[in-house]
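**Q** Letter by letter, the chains look like this.
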Amino acid sequence: MFEIVFDYWSDVTTSFWDPKKRVFVGYLFSAFFVALLWLVCIKQEKLFASIKSIFSKRVWFSKSSKTDYKVFFINKLLLLLISPFLIAQLALATIIFYGLYDAFPSRPIVLEKSPAWAVVTLFTVGYFLLDDFARFYVHRLMHCWPLLWSFHKVHHTAETLTPMTVFRTHPVESVIFSLRSTVVQAVAISGFIFFMGDRADLLTVLGVNAFVFGFNLIGSNLRHSHIGIYYWRPVEKIFVSPAQHQIHHSLDKRHWNKNYGVVLAVWDWLFGSHHHSEKDKCLVFGLDSKDKDAAHSLRGVYIAPFYESFTVLKKYSVAISKKIAGFYKGLPGLQWATKD
Amino acid sequence: MKKVHPIVAIVFAGVSTVAVAGGDHGKNVYANFPVTVKNYTGDKKTSESYSGQIARHALHNSLKKLAGKGNGEANPELEAQIMAYLEGKESGRAIINPKTKGKFVVKQTTIDEISKKKNLLGKTYKGSIQGWPGNMTGPEVLKFMAKKASAANGGYDPLTGYDYVQLISKFTMGAVFYNQAVDNYLDEGLSAEKKPNNKPYKEGAAYTGKEHVWDEAFGYFGTPAHTLKLTAKDVYNITKQKEEAFDKADLNHDGVVDLKTEMAFAHAYYAAGFDKGGKTDYLHTITQAFYDGRKLIKKANGKKLSDKQRTKLQGYAATIAKNWEKVIAEAVFKYAGSTYKDLQKLKATVESNGDASAIFRKYSKHWGELKGFSLALQTGQKNLGETAVKLNRLVGFSPVLLGNTQISGIDSDGSYTQKSSISIEEYMLHMLKVQKLMVDDFNVKARSNDALSGLGDLAKKLGSGKSAEND
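Residue numbers (this note's numbering), protein chains in the order written: chain R, 344 to 683; chain C, -2 to 468.
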């Protein structure tokens, strides 16, 4: 029992002290400065007013944000209990590594003559692209598949956005994200080590993937905020600006199912879901729901998605049984088996 | 001169007495167990006795040195000398290793000073050795290897890739020490009928049947009596005879290391080697179980062990056997990793038309250690069944040679036969599978020379994927 409490508390605090985590204090500070620079230098607002705007009580202490905080603490505990049952990336990487050996018994080692920095850069960039694409694609599936949407919509019921909104996630979705991350890491690690040997390595800053560090340092936390920082339009075709992600959370129908990307906007561009930011447009976040308060209750966050997914599954099963019945009806001599 | 208050003097004297009683030979030292044999009339004050086992450790160490003395020609004189340490029981055999090394002074210089009339072959596992060509028994394999070693140059045959020094040493560790301890003394030796505790081991002995059975198993493990007061690194350095380890070894501070009680040999050295990495604690787990078991027997005070006591003792024996097996599995894992790395270098050298002789020599040495330990692993208490079959198939009868051939058998005149085999690349995969087998079937944790460590290192750098964050 004591061990669980200790692990839990350490997990909670690690979220803010580990540079591998999005809400590491260093990144929160950098996000604050980026937001301040934006408001004072670009938006020409007064310093005090800008600070007041960043720490707006209306945002940070809204019903929606309070739910984010509660979900953060509850999810940490739930994930602590679930995680021992999830496959570790190393176990999966080992399985894939042996699979690669079966496929390529001679294990061709490539880039043996290339300098170490080139191999390290290749792995770091390769892993970043694979991971960013996987995040984009799984996110897209979360919106396109009704069954997954019933869980992902918990994140979209947020009506005010703060950096803590990244934790507004249903546990089922957390498991899906964990599996995604495990698969991506395992594929990258095993693939690169198999074909490049132990020279494959990660370029890091403070022990963190250099790309992740850069992304977080320039204000990734502002994606979930009310500070609508936008980029020059050609840049927004490559990188997702905070304002573009805020559009993803917008209630406006025009913005639905747009900008699934995390760091790179090129995936959205390629898959037809890209949407530029709209300068100084006042966005309303959340979902069009009759009972908004229910969406911020713990029941709404944790239980309601199961009801909804059950309804979706019911629809699926009806559709499938109709198809099966239709198939049998078409077979000669089996008409007696089906009933209209 | 200032007078000392009588109370202070009494307290000081008391503390000093306690310090002496609980000092070097105090708690947690496998020594000074009292004589519990009823009606014992001899002059012995303590009952622990395992000098025969230590003599065999000295024979093994010496044999290893002799096995590397050949000059590549048939050498009957060397062969006879090797056989004297392997099979002979003659007096006057010198301890070739361990010998005094600098400030690390060793007390004994002859085998007889430890114990008389001891040999290795008489205690070698008599079963069939499936992982070695020729369908031979344990003693036959050792004799065969010894003969080949005497005719090889430095114990190494470049035509077959056999390093007899390593093969003989590691196989002996299994077929003699490990087998005798876990398959004999800690198995049948603990039955109610065999060597009971209410009788002396033999007439006139200062120890009971069970006391001696337990001591003999402890002796084969090869660890200093005061291991529980030492770190794994200390024990490792004692075997290496490092000067800084001398004071740690010399328990009674008599200025010499007594091989009988203060030296570390064979499996204890390997256990210490793995433990000093910090991931395992085989050395202390095994030694503690030996110590606790011996205390239990002492407590019976020369009476027959009850079923409850015997069950508890068997529990300690199971802990010893399980962890000892893991130590050998760790060694198999380690040398499969070394062999894998050698093969990587060998492949690169061959591809670049470089001189492969030095790396091939290294490959042969590591393969010899791998093979020796994989054979040793199969001489324990239980039949490893499918695991043994897999292990023998993966490692093969010999290393894969440069022409993609392997030793396939032994003909009637004792010469090896070869046949075409797998490629070096495929053999590398075999080494990975050997490591995987040790993880899957023995749950090894130290994992020295992990050929897939790159996977683990990168996984660590990327961090856990377990996250509740949304994008």
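If you are wondering where the hints come from, they were derived from the structure by calculation, not from laboratory data. The beta carbon of each residue, even a glycine, is placed where N, CA and C say it ideally should be. It is possible that part of the hints are untrue.
Claimed, not checked - With a Cα cut of at most 30 Å, we get these calculated DSSO-like pairs of lysine-lysine:
id : chain 1 : residue 1 : chain 2 : residue 2
1  : R       : Lys456    : C       : Lys42
2  : C       : Lys42     : C       : Lys199
3  : C       : Lys273    : C       : Lys62
4  : C       : Lys442    : R       : Lys363
5  : C       : Lys230    : C       : Lys96
6  : C       : Lys458    : R       : Lys364
7  : C       : Lys191    : C       : Lys230
8  : C       : Lys191    : R       : Lys419
9  : R       : Lys496    : R       : Lys400
10 : C       : Lys245    : C       : Lys230
11 : C       : Lys113    : C       : Lys237
12 : C       : Lys191    : C       : Lys96
13 : C       : Lys457    : C       : Lys66
14 : C       : Lys458    : R       : Lys419
15 : R       : Lys635    : R       : Lys496
16 : R       : Lys456    : C       : Lys98
17 : R       : Lys419    : C       : Lys457
18 : C       : Lys191    : R       : Lys456
19 : C       : Lys458    : R       : Lys363
20 : R       : Lys596    : R       : Lys657
21 : C       : Lys100    : C       : Lys191
22 : R       : Lys456    : C       : Lys344
23 : C       : Lys226    : R       : Lys456
24 : R       : Lys456    : C       : Lys430
25 : C       : Lys237    : C       : Lys362
26 : C       : Lys338    : R       : Lys456
27 : C       : Lys191    : C       : Lys305
28 : R       : Lys364    : C       : Lys276
29 : R       : Lys409    : R       : Lys363
30 : R       : Lys363    : C       : Lys276
31 : C       : Lys114    : C       : Lys144
32 : C       : Lys276    : C       : Lys104
33 : C       : Lys230    : C       : Lys359
34 : C       : Lys457    : R       : Lys364
35 : C       : Lys123    : C       : Lys100
36 : R       : Lys363    : C       : Lys457
Said to hold, decoys possible - Which bits of chain C does chain R cover? Going by a derived footprint, with three or more residues having C-beta under 8 Å, they are:
id : region
37 : 422 to 428
38 : 439 to 452
**Q** Keeping to a limit of 30 Å between CA atoms, is the pair of Lys42 (chain C) and Lys199 (chain C) held or broken?
**A** Roughly 17 Å separates the two Cα atoms, so the pair holds.
**Q** For a C-alpha distance cap of 30 Å, please report whether Lys457 (chain C) and Lys364 (chain R) respect it.
**A** 15 Å, holds
**Q** Between the alpha carbons of Lys273 (chain C) and Lys62 (chain C), is the straight-line distance 30 Å or under?
**A** 26 Å, holds
**Q** Below or equal to 30 Å on CA atoms is what counts here, so check Lys191 (chain C) against Lys456 (chain R).
**A** 66 Å, violated
**Q** Quick one, are Lys230 (chain C) and Lys359 (chain C) close enough, alpha carbons at most 30 Å?
**A** Given pair Lys230 (chain C), Lys359 (chain C) holds - Cα atoms ~26 Å apart, limit 30 Å.
**Q** Check whether the Cα positions of Lys113 (chain C) and Lys237 (chain C) lie no farther apart than 30 Å.
**A** Judged against 30 Å, a Cα distance of about 26 Å means the pair holds.
**Q** Measure nothing beyond the straight line between the CA atoms of Lys458 (chain C) and Lys364 (chain R); if it is 30 Å or shorter, mark the hint as holding.
**A** At roughly 13 Å apart (the allowed maximum being 30 Å), Lys364 (chain R) and Lys458 (chain C) satisfy the hint.
**Q** Can the restraint linking Lys237 (chain C) and Lys362 (chain C) be considered satisfied, given a maximum Cα separation of 30 Å?
**A** Roughly 19 Å between the alpha carbons, so the hint for Lys237 (chain C) and Lys362 (chain C) holds.
**Q** Does the alpha-carbon distance linking Lys363 (chain R) and Lys276 (chain C) stay inside the 30 Å limit?
**A** 26 Å, holds
**Q** Is the Cα-Cα distance between Lys409 (chain R) and Lys363 (chain R) 30 Å or less?
**A** Holds, at roughly 25 Å.
**Q** Tell me if the straight-line CA distance from Lys456 (chain R) to Lys430 (chain C) falls inside 30 Å.
**A** The given pair, whose Cα atoms are some 28 Å apart, holds under the 30 Å limit.
**Q** So if I understand the rule, the pair passes when the alpha-carbon distance is 30 Å or less; does Lys442 (chain C) with Lys363 (chain R) pass?
**A** Given pair Lys442 (chain C), Lys363 (chain R) holds - Cα atoms ~27 Å apart, limit 30 Å.
Of the hints listed earlier, those the structure fails to meet are numbers 1, 7, 8, 12, 13, 16, 18, 21, 23, 32, 35, in rising order.
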